[in-house]
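Chains as they are written, first to last, in the numbering used here: chain R, 1 to 190; chain B, 191 to 263.
Hints listed in this document are in silico derivations from the structure and should not be mistaken for laboratory results.
Among the hints, a few may not be true.
To give a feel for the contact side, a few chain B residues facing chain R, derived at Cβ under 8 Å [to be verified]:
(1) P206
(2) W208
(3) G220
(4) L221
Heads up, the beta-carbon is just placed ideally off N, CA and C, and yes, glycines get one too.
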Amino acid sequence: MTMRPGVRKFALTAHVTFSVGWLGAVAGSMAIAVAAVTSQDPQIVRGAYLTLELTGWYALVPLALASLLTGLVQSLGTTWGLFRHYWVLFKLLMNLFATIVLLLYMQTLSFLAELAAGTNSSGAELGVLTSPSAVIHAGGALLLLLVAVTLSVYKPRGVTRYGHRKLQDKGARSQSALSKPSLRFSQTLG
Amino acid sequence: MEDLHMSESLPRIGTPRWVKVAAIIALVVGLIFVILLLTGGGAGHGPSRHAQSDAAVAGSAPSVSTEHLVQQP
């Protein structure tokens, strides 16, 4: 089912907004994660993890899910399709992977934030907070989302086997639609 | 002639080079991740980490690099 131009434009705007918003939120998280790992001040380390958890649950997760949902609507509601072009398929796989990793990592982040919030935490417990895990996750997400943005802008050529079949079907249908009026015309003449 | 026209308008079938390169990169990254997990290079990393943290934290000593985080009484 193809969307009408007005709806398609709205869906595209929503998808770009959520996706670029996700990228921005990841960039912000990266800055906070670097501060958490490199800072010598325990207050900054504690504050960083509390901020990371809030950013995760209230910005990263909603934006990731919204990006995935609007991306599905955008591809299924236009002629691009979901499995027809390699770049669309790649973006879907990358979005799914990033969202799953994010949801899994949020459990770890919640635990770390709980640890950071504890006023009676020991040195060993707080030592866990200096692990570079948050920076690695944010860096990976940043890289993945930048690749996704690049794919969206460049739309590199390449049609899947399924997409090729669909195009052939469409071509055959338009050929038969073109030949029908001429057939009727020749019959009338005959 | 029509067939020729149709084959010209349709994109070429076959996997493009950029797809092959991207698939190889994804495979290599995935393999490195699995190797790190199996060899313990990524110890303390992964979704199961938070489940083990209570036990791991209780049994570990503060490292030199993190001593600055120890709360002073």
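Hint-by-hint comparison with the structure:
no.	hint	result
1	P206	holds, 4 Å
2	W208	holds, 5 Å
3	G220	violated, 10 Å
4	L221	violated, 15 Å
In terms of the numbered hints stated before, the structure departs from hints 3 and 4, listed from lowest to highest.
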